[in-house]
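Sequence lines, in order, name chains A and B.
Position 435 (the first sequence) corresponds to 434 in numbering that gives the first Met the number 0; numbering is contiguous.
Position 68 (the second sequence) corresponds to 67 in numbering that gives the first Met the number 0; numbering is contiguous.
Certain hints may be false.
No copy labels: a pair is met if it fits in one copy or bridges any two.
Unchecked claim - Mimicking DSBU-like on lysine-lysine, the simulated pairs with C-alpha atoms at most 35 Å apart in a straight line are:
{"hint": "1", "residue 1": "K256", "residue 2": "K86"}
{"hint": "2", "residue 1": "K308", "residue 2": "K43"}
{"hint": "3", "residue 1": "K48", "residue 2": "K261"}
{"hint": "4", "residue 1": "K197", "residue 2": "K251"}
{"hint": "5", "residue 1": "K340", "residue 2": "K256"}
{"hint": "6", "residue 1": "K261", "residue 2": "K340"}
{"hint": "7", "residue 1": "K149", "residue 2": "K256"}
{"hint": "8", "residue 1": "K6", "residue 2": "K149"}
{"hint": "9", "residue 1": "K197", "residue 2": "K455"}
{"hint": "10", "residue 1": "K262", "residue 2": "K340"}
{"hint": "11", "residue 1": "K197", "residue 2": "K256"}
{"hint": "12", "residue 1": "K327", "residue 2": "K455"}
{"hint": "13", "residue 1": "K308", "residue 2": "K262"}
{"hint": "14", "residue 1": "K328", "residue 2": "K8"}
{"hint": "15", "residue 1": "K440", "residue 2": "K197"}
{"hint": "16", "residue 1": "K197", "residue 2": "K252"}
{"hint": "17", "residue 1": "K262", "residue 2": "K367"}
{"hint": "18", "residue 1": "K325", "residue 2": "K197"}
{"hint": "19", "residue 1": "K43", "residue 2": "K127"}
{"hint": "20", "residue 1": "K340", "residue 2": "K43"}
{"hint": "21", "residue 1": "K340", "residue 2": "K27"}
{"hint": "22", "residue 1": "K6", "residue 2": "K328"}
{"hint": "23", "residue 1": "K63", "residue 2": "K327"}
{"hint": "24", "residue 1": "K127", "residue 2": "K252"}
{"hint": "25", "residue 1": "K325", "residue 2": "K308"}
{"hint": "26", "residue 1": "K43", "residue 2": "K86"}
Derived from the structure by calculation, the hints contain no laboratory data.
Number of protein chains: 2
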Amino acid sequence: MFDPVEKLKEFIRQPSVSTDPKAGAGMKGAQEFMSGLLGSIGFKVEVAKTDMHPLILASRDGDKSWPHVLIYGHYDVQPADPLNLWKTPAFEPTIVGNRIYGRGAADNKGPLMTIIAAVAQLLEDNPKLPLRITFLIEGEEEMGSPSFPKFLEQYSSRLKEADFVFLCDTALPNETQVVITAGLRGLALLDVVVTGPKGDLHSGLHGGVLRNPIQALAEIIATLHTLDGRVNVPGFYDDVLDVHPWEREELKKLGAKEEDYKKFLGIDEFYPTPGFTPFESLRFQPTLEFNGIGGGYQGEGTKTVIPSKAFAKISCRLVPNQQPDKIKKLVMDAIRARTPKGVTVEFVDQHKGEPYVVVPPGRSNTPKDQSPVLAKAFRATEQAVTEVWGRPPLFLREGGSVPIIAEIKRVTGLDSVMMGLFLPEDNLHAPNESFNLDVMKKGTETVRRMLLGLAKS
Amino acid sequence: MFDPVEKLKEFIRQPSVSTDPKAGAGMKGAQEFMSGLLGSIGFKVEVAKTDMHPLILASRDGDKSWPHVLIYGHYDVQPADPLNLWKTPAFEPTIVGNRIYGRGAADNKGPLMTIIAAVAQLLEDNPKLPLRITFLIEGEEEMGSPSFPKFLEQYSSRLKEADFVFLCDTALPNETQVVITAGLRGLALLDVVVTGPKGDLHSGLHGGVLRNPIQALAEIIATLHTLDGRVNVPGFYDDVLDVHPWEREELKKLGAKEEDYKKFLGIDEFYPTPGFTPFESLRFQPTLEFNGIGGGYQGEGTKTVIPSKAFAKISCRLVPNQQPDKIKKLVMDAIRARTPKGVTVEFVDQHKGEPYVVVPPGRSNTPKDQSPVLAKAFRATEQAVTEVWGRPPLFLREGGSVPIIAEIKRVTGLDSVMMGLFLPEDNLHAPNESFNLDVMKKGTETVRRMLLGLAKS
Numbered sequence: 000m001f002d003p004v005e006k007l008k009e010f011i012r013q014p015s016v017s018t019d020p021k022a023g024a025g026m027k028g029a030q031e032f033m034s035g036l037l038g039s040i041g042f043k044v045e046v047a048k049t050d051m052h053p054l055i056l057a058s059r060d061g062d063k064s065w066p067h068v069l070i071y072g073h074y075d076v077q078p079a080d081p082l083n084l085w086k087t088p089a090f091e092p093t094i095v096g097n098r099i100y101g102r103g104a105a106d107n108k109g110p111l112m113t114i115i116a117a118v119a120q121l122l123e124d125n126p127k128l129p130l131r132i133t134f135l136i137e138g139e140e141e142m143g144s145p146s147f148p149k150f151l152e153q154y155s156s157r158l159k160e161a162d163f164v165f166l167c168d169t170a171l172p173n174e175t176q177v178v179i180t181a182g183l184r185g186l187a188l189l190d191v192v193v194t195g196p197k198g199d200l201h202s203g204l205h206g207g208v209l210r211n212p213i214q215a216l217a218e219i220i221a222t223l224h225t226l227d228g229r230v231n232v233p234g235f236y237d238d239v240l241d242v243h244p245w246e247r248e249e250l251k252k253l254g255a256k257e258e259d260y261k262k263f264l265g266i267d268e269f270y271p272t273p274g275f276t277p278f279e280s281l282r283f284q285p286t287l288e289f290n291g292i293g294g295g296y297q298g299e300g301t302k303t304v305i306p307s308k309a310f311a312k313i314s315c316r317l318v319p320n321q322q323p324d325k326i327k328k329l330v331m332d333a334i335r336a337r338t339p340k341g342v343t344v345e346f347v348d349q350h351k352g353e354p355y356v357v358v359p360p361g362r363s364n365t366p367k368d369q370s371p372v373l374a375k376a377f378r379a380t381e382q383a384v385t386e387v388w389g390r391p392p393l394f395l396r397e398g399g400s401v402p403i404i405a406e407i408k409r410v411t412g413l414d415s416v417m418m419g420l421f422l423p424e425d426n427l428h429a430p431n432e433s434f435n436l437d438v439m440k441k442g443t444e445t446v447r448r449m450l451l452g453l454a455k456s
Numbered sequence: 000m001f002d003p004v005e006k007l008k009e010f011i012r013q014p015s016v017s018t019d020p021k022a023g024a025g026m027k028g029a030q031e032f033m034s035g036l037l038g039s040i041g042f043k044v045e046v047a048k049t050d051m052h053p054l055i056l057a058s059r060d061g062d063k064s065w066p067h068v069l070i071y072g073h074y075d076v077q078p079a080d081p082l083n084l085w086k087t088p089a090f091e092p093t094i095v096g097n098r099i100y101g102r103g104a105a106d107n108k109g110p111l112m113t114i115i116a117a118v119a120q121l122l123e124d125n126p127k128l129p130l131r132i133t134f135l136i137e138g139e140e141e142m143g144s145p146s147f148p149k150f151l152e153q154y155s156s157r158l159k160e161a162d163f164v165f166l167c168d169t170a171l172p173n174e175t176q177v178v179i180t181a182g183l184r185g186l187a188l189l190d191v192v193v194t195g196p197k198g199d200l201h202s203g204l205h206g207g208v209l210r211n212p213i214q215a216l217a218e219i220i221a222t223l224h225t226l227d228g229r230v231n232v233p234g235f236y237d238d239v240l241d242v243h244p245w246e247r248e249e250l251k252k253l254g255a256k257e258e259d260y261k262k263f264l265g266i267d268e269f270y271p272t273p274g275f276t277p278f279e280s281l282r283f284q285p286t287l288e289f290n291g292i293g294g295g296y297q298g299e300g301t302k303t304v305i306p307s308k309a310f311a312k313i314s315c316r317l318v319p320n321q322q323p324d325k326i327k328k329l330v331m332d333a334i335r336a337r338t339p340k341g342v343t344v345e346f347v348d349q350h351k352g353e354p355y356v357v358v359p360p361g362r363s364n365t366p367k368d369q370s371p372v373l374a375k376a377f378r379a380t381e382q383a384v385t386e387v388w389g390r391p392p393l394f395l396r397e398g399g400s401v402p403i404i405a406e407i408k409r410v411t412g413l414d415s416v417m418m419g420l421f422l423p424e425d426n427l428h429a430p431n432e433s434f435n436l437d438v439m440k441k442g443t444e445t446v447r448r449m450l451l452g453l454a455k456s
């Protein structure tokens, strides 16, 4: 059995930023490291080429009567900038106390290594375990998995042999309470680019005669929310599903405190969707956010220019049953209708993902035709969590997105059991990302017991 | 007599970007080149140290009864970014047709070289000319001349020996019509920084509970103009001086066509101050412009982050008698009052400059106590322009700013005769800046005749 923390360090050292065209070596390094590791614990490894970053398929075959789990993870990470805000180098894993720091430590390298450690231990102890396992590890999650749909179509007959998907790429609310994610928000992303004059202009020689594209962009952005915090795009909320009563009850059990959350965020006032608590808004309501804005001179000092262009990066988080393409169209239509005279707008289409929801067994809205192996997997997870963490997990929808989960469901019909492993303080997608090594240890034991419980008939 | 075009090339090759802390060598190179050139045509050169970039003082002394002109220029230039939009290297002067391309070609290296060439020719032909000349060439114009006020105070008794200031750092409307600038807009610049959460956040895990600083900044910016294009800051227009009838008449003589100007700018609609034509708005009305905006992720693709901060760079162009400090306070007060809950604002104070106005002799509002040498200088300029260009100059206020002109007036009492030499198509402060070599030639002859006319009693 290998040392999971040492292996995680090796994994983090590969700067696998999938959206960065210059990070080819890091992407290749991470993929080869992961392929090698899975081979070393007895899996048959296959690297599936795509137009961009390859996927890894690694399988432990067995009798068709054995349960078959498809384990999902990703070996790519978010960009590390702004680099100057990192206290330790982003791609040099550093352990401080019970935490390991580095880009990707929590999203998704640490949680993925947790599962692999559990599988390795399980198979070492039980070489003849009646359980089929397939790892499916992609390299494009942080760029919206552009190659994944094509891969799914090509491999669908093989993937359909599995009974369900298991992954750890969602959040824990705190160190003592495990959450099984029962739903994910979808995504619809686009850039809006506003063009005014055909070139940058001197603000003295030409200032006062034309509409500045920065001003026009700000005017557009300012219309996209109502004063009380709803997204102000006609039709935006039309398809939003109501929340089931058991979901609200489950959320209450979390016992999260608004004051603590404010303090964590460093804000003095929430701005949730009206009619929802901040915690409900986060999990049950869609958003329209601005991830970036730019235009003109941004350096120190001043440059008295009227820029030709200004842009903003927009992302909508969607809830069931909103459709990404429909939402993109509504947002673009609203922006076009509100673009002031004297400037033009264009859009850059970015990626998207459908929202997803799965209902655990025994709830009022559990589908009558739910697969018995899926139901068993939920129960085995519930039991393993209760044994290792001392309390049962909560089943909750969460605010984040793993767009391929809905895509897998659409193409293969497989649902997913998502066990949260990263904590709010892990700084995902931000400087000083880290992963809690105590959580890693307990997570490994939980996954080991869950898979063992699933294999036992 | 040196070759002015070759000397201009040497001058442009020095990347003298005063706002760039890394451009020390270029600043020093430009200063030493200019000092050497003035020494070579017989001037006594002195380099006056400041806290940042030194000033050059170069003088030709003479009898106290001779007229004394103080010639102003600057050896620093704007930053050259975005570099990728330059068709020729920004600091490698390139002649295409009758134009020389390079950062600073028009602002202010070309026009300054025009004056120096005229002076060199004049003194070569008339070694005993009864005219005192002092060059005052600074290196901080493009950063707002921070050291200039202190320099003025220290050297005021010496500078007061001059009768007036002459400079070529303003615009020509086209190649056939010279404009003598009778007024300049002032400047009030500041950055606004909006802070939301204490760190960057994952837009899935935290999106929908807090106000995004990009959104808050856009909401603030969108309030700063009315729908019809006035600056929406209480008190902003309180001190604006009315325009004199002769100024409107003079402007009409320009014969500028709105359709041509739209085409030049590349816009389909103007956005002037209500009640003013675009040309009047530009010269007679103040502005509030956005020179830059930034926040969050600006690279290719996407990064689903809620940024901690977003900022905008604001510049106001002021007209007589607006006060920069008062305007800055009004703008900051308006922004503070309109900052939404959940975010905070801070300001970074940038530079400023007072607006300026000078009335040529013989107008309805010419001061009764106008200096006779100033009046003579205006008339000599008018005559030289009429001879060389075939039509008299127009006396117009312009939209740009040369903040030190008002500062010189305040400290020394000296007014300025400003002869425009750069054209709209010269791309000042933008990529592919250039200077028209035909204008340079005619400008040289004009300045030579003007100084000769002034010297003759």
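**Asked** 35 Å Cα cut-off: does K308 pair with K262 within a copy, between copies, both or neither?
**Response** Classified as between; 17 Å across copies, 37 Å inside a copy.
Margin query: With identical chains, the pair K340 and K256 could be close in the same copy or across copies; at 35 Å between alpha carbons, which is it: within, between, both, or neither?
Written below: Close across copies (20 Å), not inside one copy (46 Å); limit 35 Å.
Intra- versus inter-subunit Cα pairing at 35 Å for K328 with K8
Result: close neither inside a copy nor across copies, 43 Å intra and 53 Å inter.
Problem - Alpha-carbon proximity context of K261 and K340, limit 35 Å - result: Only across copies: K261 and K340 sit 13 Å apart there, 40 Å inside one copy, limit 35 Å.
I want to check one pair: K43 and K86. Are their C-alpha atoms no more than 35 Å apart within a copy, between two copies, both, or neither? Result: close neither inside a copy nor across copies, 39 Å intra and 55 Å inter.
From the Cα coordinates, with 35 Å as the cut-off, is the pair K197 and K251 best called within, between, both, or neither?
Answer is between: at 27 Å across copies they meet the 35 Å cutoff, but 55 Å inside does not.
- Homo-oligomer pair classification [K328, K6; C-alpha up to 35 Å]: Classified as neither: same-chain Cα gap 45 Å, cross-chain 58 Å, threshold 35 Å.
- Quick one: K197 to K455, C-alpha cut-off 35 Å, is that within a copy, between copies, both, or neither? neither (69 Å within a copy, 48 Å between copies)
- Can you give me the call for K440 and K197, within, between, both or neither, at a CA distance of at most 35 Å? For K440 and K197, only the inter-copy Cα distance (30 Å) is at most 35 Å; the intra-copy one is 58 Å.
Check K256 against K86 for me: Cα-Cα at most 35 Å, and say if that holds within a copy, between copies, both or neither.
Intra 29 Å, inter 58 Å, cutoff 35 Å: intra-copy only.
- Between K262 and K367, at a C-alpha cutoff of 35 Å, which is it: within one copy, between copies, both, or neither? neither (43 Å within a copy, 67 Å between copies)
(message) Reference check for the pair K340 and K43, CA-CA at most 35 Å: within, between, both, or neither?
(response) neither (61 Å within a copy, 56 Å between copies)
The structure shown violates the earlier hints numbered 2, 3, 7, 9, 12, 14, 17, 20, 21, 22, 23, 24 and 26.
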